[in-house]
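Chain A is already provided as a structure; the job is to place chain B with the ligands on it using the hints.
Respectively, the protein sequence lines represent chains A and B. Going by numbering that gives the first Met the number 0, the first sequence opens with residue 0, and the numbers climb by one from there. Going by numbering that gives the first Met the number 0, the second sequence opens with residue 0, and the numbers climb by one from there.
No lab work stands behind these hints, which were simulated from the structure alone. Warning: the hint list may mix true and false statements.
Stated by the list, open to error - Below 20 angstroms or equal to it, Euclidean Cα-Cα: the simulated EDC-like pairs (lysine to aspartate or glutamate) are:
hint	chain 1	residue 1	chain 2	residue 2
1	B	Lys123	A	Asp21
2	B	Lys126	A	Glu77
3	B	Lys32	A	Glu77
4	B	Lys32	B	Asp507
Given the structure is predicted, the values throughout are model-derived calculations rather than measurements.
The lines below spell out each chain.
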Amino acid sequence: MSGVHVTTTINGDEVDFVCPADETLLDALRNRLGLTGAKEGCGTGDCGACSVILDGRLVCSCLVLGAEAQGRKIETIEGMADGEKLHPLQRLFISHAALQCGICTPGFLIAAKNLLEMNPDPTEEEIRFGLAGNLCRCTGYDKIVRAVQAAAKEMRGA
Amino acid sequence: MPLDTSYTGQKFKLVGTRPLRPDGIDKVTGRAKYGADAFAPGQLVGRVLRSPHAHAKIKKIDTSKAEKLAGVKAVITSADLPDYTNGDRGMFDILENCMARDKVFYDGHAVAAVAAIDADTARKALKLIKVDYEILPHVTDVDEAIKPKAPILHDDIFTEGVEPKPKKPSNIAKRTEFGHGDVEQGFKEADIVIEKTFKTEQTHQGYIEPHACLANVGPDGQGEMWVTTQGHFVYRNQCAQLLGMDISKLRVTASEIGGGFGGKTHIWAEPLALALSRKANRPVKLVMSREEVFRASGPTSSTSIDVKIGARKDGTITAATATLRYASGPFYGMWAELGAMTSFACYDLKNVKSVGYEVLVNRPKVAAYRAPSAPMAAFAVESVIDEIAKKIGMDPVEFRIKNAAKEGTKSSYGPVYGPIGIGPTLEAAKNHPHMKAPLKKNQGRGMACGFWFNFGGQTCTSININPDGTAVVAVGTIDVGGSRASMSLMAAEELGIPYENVRCVVADTSSLGHNDMSDGSRVTFSSGMATVIAARNAIKVLCQRAAKMWDIPEDAVVWEDGCAKPAGANAGTFPPLTLKEIAAAAANTGGPIAGHNEFVADGAGVSFATHICDVEVDPETGATKILRYTVIQDAGKAIHPSYVEGQYQGGAAQGIGWALNEEYIYGKDGRLQNPGFLDYRIPVCSDLPFIDTVILEIPNPNHPYGVRGVGETSIVPPLAAIANAVSNAVGVRMTHIPMSPPRILKAIEGGPA
Ligand code: FES
Ligand code: FES
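Just chain A, with the same shape it has in the complex (with noise of 0.2 angstroms):
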């Protein structure tokens, strides 16, 4: 395998691996340096399941090629808790029931927490169209919608 040498920032941690040219950031995540938080639902940019932030910007990894990482910052779900303090987010997704089979989690706290950072206090609306690019099949979003509800509250010291 002839490949890129890629070093960047993954939740504060500098790493380094070697993928293809033609390996996404996904991949990369999940089978060279471990970091299977982030799914492949789709592969095509659909369903939000690899949903990262890379430089503060909320993209699908299965999208982005894992030598673009090269000296950028990547914010995954495995960064998301301060140690053993979860997000509010993540608390309220468990208080709230929002997570049935869960595959579709960590993608939807990281659009939520991206979504919450842009928009502190969103309307329902704001909030349903805000995670519009993530596909729950389990909940009906009824409870997604709710604990984000919450949790915007929460953070905004409401």
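Frame of chain A; chain B with the ligands shown alone:
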């Protein structure tokens, strides 16, 4: 003596509360391990070569070039999967579906597979396999497939269930019939008779996690498999049979499952992964792409259904018939049969008949999809029910209440009902504020009822009491949406210890006896009942140990609030012994304390739901928006109400997608045109409103807590409820699902839809 597990009506301390689920933290931190998240030393990547043709003879497969490619460790075809099915046609169909033998039957049918050192090499190897096909005429439409000139898929299938036995092979694999009374006479007594034909398109379960497994078979013939499945015991049994292995030599561990909805009750590529691993003598990880999931796993039937219902002016239904044609893919399935059984199950009918035809077509093998076959039948029946109510001038809810089945009704599929919830869900709908909310222009309201049997089945469960007084519940059913929380609640309730002191795990196939699939909404019912019985068995042991510690007779000990207490004349007076104290002393009183249960869980409680839905249809584009949605369903008993609500909401959302958008689209070439989430559009967050739920609890007399099972019924009414709502909004009866914008426009413009 078997324990009495009938309904007790006891007051609960924990059951019915909403504690945090035990797998929550793992699932919000990315630590939970699903099918594709396991790795083994030296693992290879497995990939499957699939047919581009809908129907073709395989003349020759040349794998020699692929085998020579550096990095390829194994290539398999059907020659590597000899037939061990011993004349069992059902298993042979599974074998043939996993890997085509003489013919391919659908676009996406597997023809060969490779294992290579990486994905790139595996992909290249697939390109080097040369398959020589002789293309045959194909048929993908359910109505076309039963026409006299249709290409025949199997020349050894003669329609079962007709007398005399047909002489010519047919694409109708089986005919089934249900009902009672005299429908001809019943139609004569009717003042109004309405007859209509309906169609529904094929949909996919659409679980977000593709099929994935990690298989490892060693040269000693022992194997292990990590797999996403709704039933690891059944996967083990079937894979072992297809590979000619002893069942004991194959250990299957179920991963966390990223959705199944019935689609993961069937084996697909798992035997291929095992065969590749055996041939390569290395672990093989095989993960389907989304395109493969659509083309080669899952879908439900496309259908064509005729319904005829007659009623008197006073609103009494006098007769009802349905003829249901369900496509089952290229292999026999009991899909039309289930449709025929469920079609009229909501009603108390004197004269009723339903006939099902299993139709073979060149599409992927149909798999169970949440209350399989019931939503389509309900769509057709509940649409005609609405039409009749309208013709008579009766409110659709009142009309249904008048004809609803009740305790003692002989159901259209045979059994006589015990206590059931159809009447109460209808009454709740009638009184729900949703029914009275005002509607605006281009808006419509619809409602519909649904039924599902719910299953029981073989179940084996163990509870081990640990030395520190905590307990582990080992179940063999899969946790698809929070059932470990429900099991822990039930075990804690029985043992009288805190919920947090119980840990529920899904055990692998070598740790417990056989468990049937996690299907038919059976997990909380059957594994729950098994957990209750196992806990009561453990309590018996705990009482025996307390008796020993006190040196009094065993029958002088009772269990109350998590403690053994002396009771009766010869008991003496001792302070209660807690479970923790008895567990700590176990080493000196007889060793480990456990309770087990293995049984066939009988007496699953039938389940009914009524849904109400408001829609707005844009008359210019034909697009439909769901404005408001209410689910009312009988749970028997909601063990963890949050996850019951979740099942109601999730089923409704899947039904909404099915009703409005989702469909398999085949080209003239017999190829699936939309095998991806972009073109096969499942509902996203912005498509839906909040989904209101009402949980009714009419106890199932056959379960100690009254549980019925809640997972499936919620997908039965939506197709019909939304079709009724859209029909009311546009003023034209909708008869073809999905009601996509072009179909709605056509209906508005006066064409048939
Ligand atoms: S896997 Fe990346 S969007 Fe679906
Ligand atoms: S919880 Fe299963 S896909 Fe969202």
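Going down the list of hints, with the structure as the test:
1. Under the criterion of a C-alpha separation no larger than 20 angstroms, the hint pairing Lys123 (chain B) with Asp21 (chain A) is consistent with the structure, at around 14 angstroms.
2. For the proposed pair Lys126 (chain B) and Glu77 (chain A), the alpha carbon gap of about 37 angstroms is over 20 angstroms, so the pair is violated.
3. For the proposed pair Lys32 (chain B) and Glu77 (chain A), the alpha carbon gap of about 13 angstroms is at most 20 angstroms, so the pair holds.
4. Proposed proximity of Lys32 (chain B) and Asp507 (chain B) is supported: the alpha carbons are some 15 angstroms apart, at most 20 angstroms.
Of the numbered hints stated above, the single one contradicted by the structure is hint 2.
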